[in-house]
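Novice: So the protein sequences, as listed, match chains A and B. Residue 100 in our numbering sits at position 100 of the first sequence; the count goes up by one each step and never skips. Basically our numbering = 1-based index in the second sequence + 1000.
Since the hints were derived computationally from the structure, they do not count as laboratory data. Among these hints, one or two may not hold up.
As the list claims (entries may be wrong) - Here are some of the chain A residues that sit facing chain B, going by a computed Cβ distance under 7 Å:
(1) V38
(2) G192
(3) R194
(4) A201
(5) T230
(6) P318
What the hints assert, rightly or not - Result set (EDC-like, lysine to aspartate or glutamate): computed pairs, CA atoms no more than 20 Å apart in a straight line:
(7) K197/A with D1039/B
(8) K1229/B with D1154/B
(9) K308/A with E1054/B
(10) K1143/B with E1207/B
(11) K197/A with D1043/B
(12) K1103/B with E265/A
(13) K308/A with D1043/B
(14) K197/A with E1054/B
(15) K197/A with D1013/B
(16) K308/A with E1102/B
Don't be surprised by glycine CBs; every beta carbon is placed ideally from N, CA and C.
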Amino acid sequence: MSTAPNAGSPDTGAGAPDLPEAAVHRLSGGAWSSGLSVADFASCLDMGMEPLGYVQGYAVMQWSWYMSTGGFAGGFGGGFGGPALGTGAGQGRGQYVEQWQCPHGFVSAEHRTYGVNYELTWLERSWSTGWGLAVGRMVEEAASLGATGVVGVFDDMRPLVGGTVEFRASGTAVAVPGTPTPPAPFSTYLSGQRLAKLVEAGFAPVSVAATLSAVRMLGYCITHYQLAGTSVGTWYGTTASGAAGVGPVDQVNRAQAAARRLARERIRAQLGHDILHGATLEDTEREIGEGDLAIQCTLKGNRVRRFKDYDPLPDPTPVVRLLT
Amino acid sequence: MSTPAEGSAPLRDEVRRAVVALGTGAERAAEGGRATTSDLTIDETLLLHSAGWEPVDLVFGVSWWSIPWGVWQWTTGEVQEPCVAFGGAVDQAAALLRRECEKAGGSGVIGVEIGLTVSSHHVAIALSGTAVRRTQPGGPSGKFEFISDLSARDFVLLTRAGWWPLGLAAGASFVVAPRRTVAQWASQQGQNTELPNLTEALYLARERAMERMQHSGESMRAEGIVAVKLREGRASSSVRVMQFVAFGTGVHLADGTHRSISPEMVVPLDEKVRLFEATSLRKPGR
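Use the sequences and the hints to build the structure in full.
Specialist: Pasting the structure below:
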């Protein structure tokens, strides 16, 4: 079983399957299994795809928002004052770091004179490793079955026991008789009619693609006041909106934009010249403390490749369904 | 497994062709050397293509605006600050979405998903959608044209009927309902009766929000607003704060006249089977 960390795209391990002995025995014969619905199963048969087995991959990872090594913020250019700190995005080691300085001078020991947004690179790497291992192991199982691809992939991450998370990936390995075995089985979240339409439209499924971006925001005084609702008066003043204390929370807006931009850049890096189709974005925010946020974006989709041109559809006919 | 019965032969050929193409690594370079990303389904992609559009990139716009402390307390009627914050956040998020779209080479954004959070001290708007561009020259080249929360299907239908989306129109109002007098409270005890203070607060919020959405549409020279979605009810920050939020896509007639799309009527034969409780057949008397 492949255990090498993966940088985001699934490690297919197709060249040298190294499955547990029990799995090899189970997969070597007997009845095939499938995770497809009856409709999707019928559609796959119609496309000339034969199900070989319901394949899965798992990886359990120790999980924390804070690293126990590497200082307070491991991966943050060596911690506060490290070489990666800069006023612009993308400085240092290529990670996102942006800082804010208090405009007030010394006010009190509790006054937040410094604010920073930074990318949680260690969290992103951990997620990439876990997801890559689970998907890679699923594809590895499919390769050991001689599969052409894995369709109807489902993947997720969920807490398992204290301080750990489980990455899961499963799908149905299929073979397309009459075709050469590809270097690595393809994988796609699609199945059934949607997969058939994709192929008819001239796109070949390449792989599932996913990434996570995470940005931590430590608010400086202005952000802190704004999120606490205490920005009325001299600290923030009357804004262009005309209402005292009402205005954009710039530091949060920059952090939110960065998290999304990073997710898009990361997934694009997995695509080469291919296309990301049917993407979904999930974003979450956690308030770590007053004025501090952790923002996380997960972007997933199907990497597809155009293998032929397709003719535009004829003008669709609008219909009214006579159904309540 | 035994070979399944022959299905759609051309489709099977296409599947084999796709698999062979993967094996040979025959990668077609994306136009301009940049990978495209989209959250559209394959149906939507095909439909857009038939109407002369193609996806370019996923685009995002997020804006948080602050609300000062104390604005919800010791007052009745509409609270101005969250209304101003809402309007500012929507405008800023839409501007960010437009900037990302233009940077990606798109001329419009469709299927915009709108995330809204209103808390005591901030309003957060998160917009995400797919930037699209024309496959054939025919419109204002390189010019930004619209932001719309309509799906690709609705967008194609709308444009076929001669209408054109312009932008997101939005309005919101937050109203603090007055407390009841002691006499009112006493007379309403133990009864299921209307609470006019809350009804009136909701009505006031509705009028203001709808009016602001209309103004928002007028400012973009829209003739109407379609697919309006409402969010109304109690705001999470207080039991007496009624919120009313309205979103839609501002549209105008592109050629001056509406074109009938003459829909065909169909009776679908995939109606859900109506189920019944089989045990009811065993009831006494049957």
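Novice: Confirm or reject each hint.
Specialist: Hints and how they fare:
no.: 1; hint: V38; result: 14 Å, violated
no.: 2; hint: G192; result: 11 Å, violated
no.: 3; hint: R194; result: 6 Å, holds
no.: 4; hint: A201; result: 6 Å, holds
no.: 5; hint: T230; result: 5 Å, holds
no.: 6; hint: P318; result: 4 Å, holds
no.: 7; hint: K197/A with D1039/B; result: 16 Å, holds
no.: 8; hint: K1229/B with D1154/B; result: 15 Å, holds
no.: 9; hint: K308/A with E1054/B; result: 16 Å, holds
no.: 10; hint: K1143/B with E1207/B; result: 35 Å, violated
no.: 11; hint: K197/A with D1043/B; result: 8 Å, holds
no.: 12; hint: K1103/B with E265/A; result: 14 Å, holds
no.: 13; hint: K308/A with D1043/B; result: 18 Å, holds
no.: 14; hint: K197/A with E1054/B; result: 17 Å, holds
no.: 15; hint: K197/A with D1013/B; result: 13 Å, holds
no.: 16; hint: K308/A with E1102/B; result: 28 Å, violated
Comparing the model with each numbered hint stated earlier shows that hints 1, 2, 10, 16 do not hold.
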